[in-house]
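All chains should be built: construct the whole structure from the sequences, respecting the hints.
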Amino acid sequence: MSLYPLRLRALPNGEALAVNDSGSFFTLSPAALERFERDTLNPQDEGYLTQHGHSLDENSSFDRMSHAYCVAERLDQVGTLDYLILVPTLRCNLRCSYCQVSRADIDQHKYDWSPDTLAAVLDCIDAIQGDHIKIEFQGGEPSLRPDLIQAVIERCERFAHRQFVVCTNLQCIDDGILTLFDRPDCFISTSLDGDTTRHAIHRTQSEGKTRQFFDNLRYVVERYGPGKVSALPTIDASDPPPPESLIDAYREFGLDSIFLRPINYQGFARKRHKHSREQSHAWRRYYRRFVETLIERNWSDRDQVLEESYLSICLRRIFWPGNERHVDLRNPNPMGMDYIVVDHDGTVYPTDEARMLARSGIIDLAIGDIVSGWDSERRETLNRHATNQFDPTCQHCAYQPFCGRDLIDDLARYGRIDVPRTETEFCRRHLHLFDFIFELIYSDDPAVRYSLTRWLRLPETPVSFGTMLE
Amino acid sequence: MIPLRLSAFAEADRPFVVRLGSPSGQRCGDAVLVEAEGNSATYASKAGLFTIDGVAASGLAGDVLLIQPREQRAERLIRATSPHNTLLVTERCDQLCVMCSQPPKKTHVDRFALFEEACMLAPENMLIGITGGEPTLYRHQLFDLIERIYRTRPDLSFHVLTNAQHFENDDIDRMLGPAYARVSWGIPLYASQSALHDEIVGKRGAFSQLLENFAILMRAGARIELRTVLLRGNYPALPELAHFVASRLRCIEAWSIMQLEHSGFARRRWASLAVNPRLDFAPLREAMDWSFLHQMPVQLFNIPRCALPEDYRRFAVASISDWKQKFLSACDGCRERDLCCGFFEWHPDQDECAKVTPL
Ligand code: SF4
Ligand code: SF4
Chain A
1 MSLYPLRLRA
11 LPNGEALAVN
21 DSGSFFTLSP
31 AALERFERDT
41 LNPQDEGYLT
51 QHGHSLDENS
61 SFDRMSHAYC
71 VAERLDQVGT
81 LDYLILVPTL
91 RCNLRCSYCQ
101 VSRADIDQHK
111 YDWSPDTLAA
121 VLDCIDAIQG
131 DHIKIEFQGG
141 EPSLRPDLIQ
151 AVIERCERFA
161 HRQFVVCTNL
171 QCIDDGILTL
181 FDRPDCFIST
191 SLDGDTTRHA
201 IHRTQSEGKT
211 RQFFDNLRYV
221 VERYGPGKVS
231 ALPTIDASDP
241 PPPESLIDAY
251 REFGLDSIFL
261 RPINYQGFAR
271 KRHKHSREQS
281 HAWRRYYRRF
291 VETLIERNWS
301 DRDQVLEESY
311 LSICLRRIFW
321 PGNERHVDLR
331 NPNPMGMDYI
341 VVDHDGTVYP
351 TDEARMLARS
361 GIIDLAIGDI
371 VSGWDSERRE
381 TLNRHATNQF
391 DPTCQHCAYQ
401 PFCGRDLIDD
411 LARYGRIDVP
421 RTETEFCRRH
431 LHLFDFIFEL
441 IYSDDPAVRY
451 SLTRWLRLPE
461 TPVSFGTMLE
Chain B
1 MIPLRLSAFA
11 EADRPFVVRL
21 GSPSGQRCGD
31 AVLVEAEGNS
41 ATYASKAGLF
51 TIDGVAASGL
61 AGDVLLIQPR
71 EQRAERLIRA
81 TSPHNTLLVT
91 ERCDQLCVMC
101 SQPPKKTHVD
111 RFALFEEACM
121 LAPENMLIGI
131 TGGEPTLYRH
141 QLFDLIERIY
151 RTRPDLSFHV
161 LTNAQHFEND
171 DIDRMLGPAY
181 ARVSWGIPLY
191 ASQSALHDEI
201 VGKRGAFSQL
211 LENFAILMRA
221 GARIELRTVL
231 LRGNYPALPE
241 LAHFVASRLR
251 CIEAWSIMQL
261 EHSGFARRRW
271 ASLAVNPRLD
281 FAPLREAMDW
291 SFLHQMPVQL
301 FNIPRCALPE
311 DYRRFAVASI
321 SDWKQKFLSA
331 CDGCRERDLC
341 CGFFEWHPDQ
351 DECAKVTPL
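Read top to bottom, the protein sequences are chains A and B.
The opening position of the first sequence corresponds to residue 1 in the working numbering, with each subsequent residue numbered one higher.
The opening position of the second sequence corresponds to residue 1 in the working numbering, with each subsequent residue numbered one higher.
Watch out, some of these pointers could steer you wrong.
[Said to hold, decoys possible] Non-contacting residues of chain B with respect to chain A, defined by C-beta distances greater than 10 Å in every case (computed):
no.	residue
1	53
2	80
3	254
4	311
5	345
6	346
7	351
[As the list claims (entries may be wrong)] Covered stretches of chain B, as calculated for chain A (at least 3 residues, CB under 8 Å):
no.	segment
8	214-220
9	242-248
10	290-300
Calculated directly from the structure, the hints in this document are not laboratory data.
C-beta: ideal position from N, C-alpha, C; glycine also.
Dropping the structure here:
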C-alpha cells in the first residue's frame, strides 16, 4: 500500500514515534518498526493506517482531500491586525537586574509617548477592522501613565470583544490605575519570582519594596479574584528556586498558571548574566523536575490544577490544530501582520524581543513607525522566511507540524537565520520539550494522565492519549 | 403531541399554500380569519374560503399551511412558533437502513413548487429542515429551491438530511455559491468499516461512495453535520469510528451521536437493534473522550440526561422536536427537565431505556 510520508523519532525503549504532515501521530513497537522497514505490513497495520488517514489510494479523492484538509488545518491562519503591544513609557520605578528593555529612570521625561504618537496610535486603532481587539501595555512601567492607557482603552469601546492587559510590577497602585483595573475587560500581568527572598534578589532589592509588592499583589487578588491576575517568574538558571517553593508562592495567591522562563539574555541582562546565552542542560533538568512536581501536586491535591504555561501551549498545539492563537509558537509565523509592538518613541517592532534587541544595540529590527506605517521592505524580507515547512532539518523532524519558527530569536542569538536548525537554541528547546510531552502522552502513570486530562480540558481521562501499532 | 395534519374543507379544487393571518398579525396575502369557534376556524383567501378543524385559530396564527381540498386535509408545513419545521420532499430512497424510522415508498409526488411558496412565507431567520426519503434523488430541483429562495429570502437557512450518495463533481461549482453557506448537510455514517456501514444502510458500496462524496463536499466547502445512530451492530465499533472521524473528517461542523427512535423498522426490530447507554456507556464514552481530545464537536441526540454520567450531560441536546416529544410521569420532579430531550411520543413506557432516574 502507498503511504503519506511519516517522520519517525526514535524513543528510548526501541519504539518509535511516527508523525505525518498534519501532525497525526502514533507509536510503533519494535516489531511494527521492523515490519515498516522490511515493507511487510500485516492486515492490522494496513487497517490502522487506512483508518487514520496515512494510506493513499491514488484513485481515492477522499484520501487526498481529507489529508489536504488536515495539513491545511495545521497551518496557522494569520489574520489582520487586532493585537497591539504598546509601550507608553520606558520609565520605571524599579531597576531589575535582568531588565530586558534598558529601562529609563523615573524622572527622565523624553521616554514617554508624545502627543503625536498617542494620536497615531488612536488612528491605528480606528483603522482596525473587525470587532475584536487585544492590547497589552508593556513598559517600562505603564502604570506610571494611566492617562495614556485610559485614552487608548476609551478609544476601543466600539469593539465587541476587547481585552486589555496591563503588565505592571505592581509596585505602586493608586486610584488612577485602580479605576482601570476595575474594568471587567482589563487584566493584570505581573512578575513573581518566588517567595519574598527570591523576589527581592533580582527585582525589588529592598525589604520595603518587596513588602509593597506582595501587599499589592494580595490586594488585587482579593479585590478581583485570581482570574484577573496572571504572573510570570523569571528564573536565574544558575540558581533556580526549588520547584516546591515556587509552586507554593503561586498557590498562595491562587494563581494556577506558571510560565517558567529562564532569564532572557538580551538588554542589560546580557552584560550581567553572561552564562545565560544558551539554556543549559541544567535548565532542562530543572524544567523537567518542575513539571514533574506540578504533576505530583495536581494529583495529591485535586483542589487546584496548576500548569506550566508553555508546556500547555505545546500540548494543546499537538491535539488542537488551528484552534489556539498563540503568537509565541506558531507556523507560519509572519511578523508585523496581526500584531505589532509600538515603542515609547512610536517605533514599530514585530515583537517585544525585537524591541529589546534594538534597545540593547544588538540589531535594529524596527519595521516602521506608527505615524508613517510598517508595511516595509524589511517586514517583507523577514516574512520570506517565516515558516519551518521548508527548512531542510525541520522537514525531517517528527515535531515540525507542532513546532514553530522564531526569526527574532535566531537573529538575537546568532545574528543570522540560516544556522542549521539543530544547532539553534530554539530547536534544542523544542526538541526537548516535545520529547518530554510525548513521554507524558504515552505514560501510564495515573498522576500524569490526570494532569494531561485537566490541561487539555477533558471531562474524563481517556483510555489513551495516543495509539500504538503493536 | 402537536398535530401536523388537520382536516380541512376548501372551496378551491387544487392544492394551495397559504399563511394564516390573525387579528394581531395580518400581512398582505395572508388568509383572513372570518369565523372561529372552538377548534374550528374559517378563513378567506385568494383561493376562496376554507375551514380548518382540530386546533384553535389562536394556535395557528402565522402558520404556513398546504391545503389539499380533495383529500380534505391541511398540512402544517411551517409552524410559526416552532424551531422544528421540516419539509419532506420525497419518500423514495436508494438505501434501506435496518432501523429506518420512515421506511421509504416507491412513489414520488413532486411538491417542490409548493414548498418554495411555503418557504417564501416563513418567519424571518428560520432554519428549515429538508428530509425524505432521500432528498438528493432530486438534487437539481433541490438546488433550484435553495438558490431561488436565497435570492428572495437570504435570511432563511436549511438543514438537509441526506445519505450523500448522489453528489457529483459537477455540483461543486454550484455548491460554492453563496446560497450554500446557509445550508448544512446532515449525513449519516454508522461505522468506519465499509462492510458494517453497508450492511446497516442496506446498500452495497454505500460506504465507499459516501467517502468519495465527502471529498466533493469538502471541495465545495459544504457544511457537514455527521450523524451516527447507536445500534447493537455498530456500538462496539464506535470508538474506532471516533478515530476515523478525528483523523479523516475533521472538516465537519458537528458529530451528532443519537439513540434509536422507536418507530418504522426499529419498532419491530427493537430488541435486536437498540442499545441503552444507561447500562453500557463504555463505547460511547471512549468515542467521546477521543473526540474531545481531538476537539471534534460531539453532541448527543435523543439520550435523556439522566442516562449519562454528570460530566457528559452538557453534550446532550434537547433534540426531540416539540411536536413528538414527551416526558414520563417520573420526570415530573426532575431538575434538568427543561434541558432534557425526553422521549419520542411513541416510545413505550415499559422499555428498559425509559427507566429514568430523575436528577
Ligand atoms: S526547530 Fe527543531 S524541533 Fe522544531 S521542527 Fe525544526 S528541527 Fe524540529
Ligand atoms: S428524569 Fe426525565 S427529564 Fe429528568 S433527565 Fe431523566 S428523562 Fe430527562
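Hint-by-hint comparison with the structure:
At roughly 49 Å, the least C-beta separation between residue 53 of chain B and chain A is larger than 10 Å, which holds for a residue marked as non-interface. Distance check for residue 80 of chain B against chain A: the nearest CB is about 30 Å away, which clears 10 Å, and the non-interface claim stands. With a least beta-carbon separation of about 15 Å from chain A, residue 254 of chain B lies farther than 10 Å from that chain, consistent with its non-interface assignment. The Cβ of residue 311 of chain B does not lie farther than 10 Å from every Cβ of chain A; its closest approach is about 4 Å, which violates its non-interface assignment.
Listed as outside the interface, residue 345 of chain B is consistent with that label: its C-beta sits roughly 31 Å from the nearest C-beta of chain A, beyond the 10 Å cut-off. Chain A leaves residue 346 of chain B outside its interface by the beta-carbon criterion, the shortest separation being 32 Å against a cut-off of 10 Å. Its beta-carbon lying about 28 Å from the closest one in chain A, residue 351 of chain B satisfies the requirement of being farther than 10 Å from that chain. Closer than 8 Å: that is the beta-carbon criterion, and the segment 214-220 of chain B has 5 residues meeting it against chain A, so the requirement of 3 holds.
With a threshold of 8 Å between beta carbons, the proposed coverage of the segment 242-248 of chain B by chain A holds, since 4 of its residues qualify and at least three are required. Under a criterion of three residues with beta carbons nearer than 8 Å to beta carbons of chain A, the stated coverage of the segment 290-300 of chain B is upheld, 5 such residues being counted.
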